[in-house]
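Undergrad: The chain contents come next:
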Amino acid sequence: MNPISPHFVVFNDNFFDLFEYIQAILAVFLSGISTAFKQLSISQILLGYVFYYPFFMSYVWMIGALYYYFHYEKHDLKIKEQPELKDYPSVSILVPCYNEEDNVKEVITHLMGMNYPNYEVIAINDGSKDRTGDILNHLSITYPKLKVIHHAKNQGKAIGLNTAALFARSEYLIGIDGDALLDHDAIPWLLRHFQMGPRVAAVTGNPRIRTRSTLLGRIQVGEFSSIVGLIKRAQRTYGRLFTVSGVVAMFRRTALHDVNYWSPDMLTEDIDISWKLQLRHWDVRFEPRALCWILMPETLHGLWKQRLRWAMGGVQVMLKNVWILTEWRKRRMWPIFLEYFSSLLWAYLMASVILLWSIGLFIDLPASIKVGSILPHWHGVMLGTTCLLQILISLYLDRQYDHSLFRYYFWMVWYPLAYWMLNMMSTVVSVPKVLLRGHGKRAVWVSPDRGLRTPNEK
Amino acid sequence: MTNTHALAFIIDSPSLQSTSKRIVWKLVTLVFWGLWFYLWLPLATLIAWMLGIYIGYQEIIVLQSYRQALVTGEYYILIAALLGGTLIIWALVQWLRFHNRERRKRRPDIGMEALAVYYQLDPSDLRQWQTAQRLIVHHDERGYPVKADRVPPDWFCPLLQSKEDLESEPLQNLNEGTVQANGKLSLHASQHDPSDVVLL
Chain A
1 MNPISPHFVV
11 FNDNFFDLFE
21 YIQAILAVFL
31 SGISTAFKQL
41 SISQILLGYV
51 FYYPFFMSYV
61 WMIGALYYYF
71 HYEKHDLKIK
81 EQPELKDYPS
91 VSILVPCYNE
101 EDNVKEVITH
111 LMGMNYPNYE
121 VIAINDGSKD
131 RTGDILNHLS
141 ITYPKLKVIH
151 HAKNQGKAIG
161 LNTAALFARS
171 EYLIGIDGDA
181 LLDHDAIPWL
191 LRHFQMGPRV
201 AAVTGNPRIR
211 TRSTLLGRIQ
221 VGEFSSIVGL
231 IKRAQRTYGR
241 LFTVSGVVAM
251 FRRTALHDVN
261 YWSPDMLTED
271 IDISWKLQLR
281 HWDVRFEPRA
291 LCWILMPETL
301 HGLWKQRLRW
311 AMGGVQVMLK
321 NVWILTEWRK
331 RRMWPIFLEY
341 FSSLLWAYLM
351 ASVILLWSIG
361 LFIDLPASIK
371 VGSILPHWHG
381 VMLGTTCLLQ
391 ILISLYLDRQ
401 YDHSLFRYYF
411 WMVWYPLAYW
421 MLNMMSTVVS
431 VPKVLLRGHG
441 KRAVWVSPDR
451 GLRTPNEK
Chain B
1 MTNTHALAFI
11 IDSPSLQSTS
21 KRIVWKLVTL
31 VFWGLWFYLW
41 LPLATLIAWM
51 LGIYIGYQEI
61 IVLQSYRQAL
71 VTGEYYILIA
81 ALLGGTLIIW
91 ALVQWLRFHN
101 RERRKRRPDI
111 GMEALAVYYQ
121 LDPSDLRQWQ
131 TAQRLIVHHD
141 ERGYPVKADR
151 VPPDWFCPLL
161 QSKEDLESEP
171 LQNLNEGTVQ
181 ANGKLSLHAS
191 QHDPSDVVLL
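Chains A and B supply the protein sequences, listed in that same order. Per the numbering used here, residue 1 is the first one in the first sequence, and the count goes up by one each step. Per the numbering used here, residue 1 is the first one in the second sequence, and the count goes up by one each step.
Hint data in this document are derived by calculation from the structure and do not stem from the laboratory. There may be inaccurate statements among the hints.
Claimed, not checked - For lysine-lysine, the following PhoX-like pairs were computed, each having C-alpha atoms within a straight-line distance of at most 20 angstroms:
hint, chain 1, residue 1, chain 2, residue 2
1, A, 105, A, 80
2, A, 441, A, 153
3, A, 320, A, 330
4, B, 105, A, 153
5, B, 147, A, 86
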């Protein structure tokens, strides 16, 4: 790069160029990290990573999701149609509940109207301290399909699911949350995958947000399209998923048995079970037509707690599975592992950039670590445009499954800026928290914020 | 589900927030849109230069600054295409290799016997528990179920943690419960003999 070249006045400012960055990355592989540092300063390497990683990954997600859509989804059955199944085996819907007195009646009553001839509902009351247990008992009088399991002591969600899997009479189990409304047509959509191949162990559905009153709620409508929808499609194009959605997923009990069921010590049991199944070479799929209507936090505090738990759960699973990098037979999960590791690294490097920039405002730092400006200039144009393009594509792919989805585009301007910051901070905090937490400690329930609802909506 | 049904589930009631909150959030979102346009300032500058043809001509054509943008852009497109292309080729190869070709035989479904062996339970107990409509389940320290008992529909103890709890807090018998118009259960608690439950 020639800093006195006139076009940098317009196009490159104090940034650097992609070509040099690639040279530096190659230098790391070819002749060690010291050569890379000779070509670029530390601050340039940091800035380069925090820009290039989300930028290029965004195109990988978009291209992967579009491929999935045109290859598998577009010419498949529409959501208004019903898939034909070879047979209609018994299905058990497992609903773990902890202090769900506000939601459980609505959830169970809704489950009684599933469009499927052969199913049971198992509600697990995991030592709730409110009236969840008595509401469930009363509902079981009205609904013979409902089975209620009370835990004598609070055991955590994973053990609730394991207990229900043991007492279920079906090979096919659907796990939903105690505040989630499963679409009445969801069972055949999920089940058809299991009838397509014996390797299918789990199929995750498409969670849609119900709570849309506040800005935070509306952003999440778009976020769930761009994360759950777009990334899951792209990951299916690759062939492996980072995680099923714990709020709606169907499992084959034989496969769960093969991997010793859900782990009680994992903070996000859904990420963990997805990894366990795939590492045993079971297939995990995504079905966008299996909808599930969920409540999400609508306060900053609730959102922070939720994101921190997700980040900690991801880090926990990553640390648990570091060993796979030395096993050739587990290679199919390497890209998923490395992508997650890269996103963790991004959070830390982004935090470092902001920190160095802030310090640089007060102290004159050495040139090699000085971050002159965090305004990305032309790179900002490209990153900003890419983000909005990604959200646009994700809303396009999910448009048939939700109501007036594009009206949330206006609110989505927040997502890349404010939400990335939130996710960055939760990730940075999560790593030390997980390391301090140690192994084997039982994961406990958290009482999440479930958004704004009027009494008659409960 | 059609979109008409979907509407029934969506809770979109901004009026639940205070007016000031709604205004603040809207304003903040507008500020973020402003920030977004700020990110596009170089683009706006370029357009401005183009509008001032003379200066634009000088900067972009004579000093050839467009070249840098083109060269940088080319690399970006190339790398994005390379990454995306690799993914698609991978997906196509996998599809061609494994589409409609199942190498793994279906395992027999896990039966009650195997489940009972796994949890070290008596199969006949497990069979009974699988058909029960209401159960209270006790676990060992690993979280494995060790014991389960049927419970009647009017039984429930919200804070069943230990025998001490039972002795300190009287249980509620909820067989008098009625469902109100708003969907909430109205409960008429009565004293319950704790000894009934200790046997569980």
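Undergrad: Going through the earlier hints one by one, which of them does the structure break, listed in rising order?
TA: 1, 4 and 5
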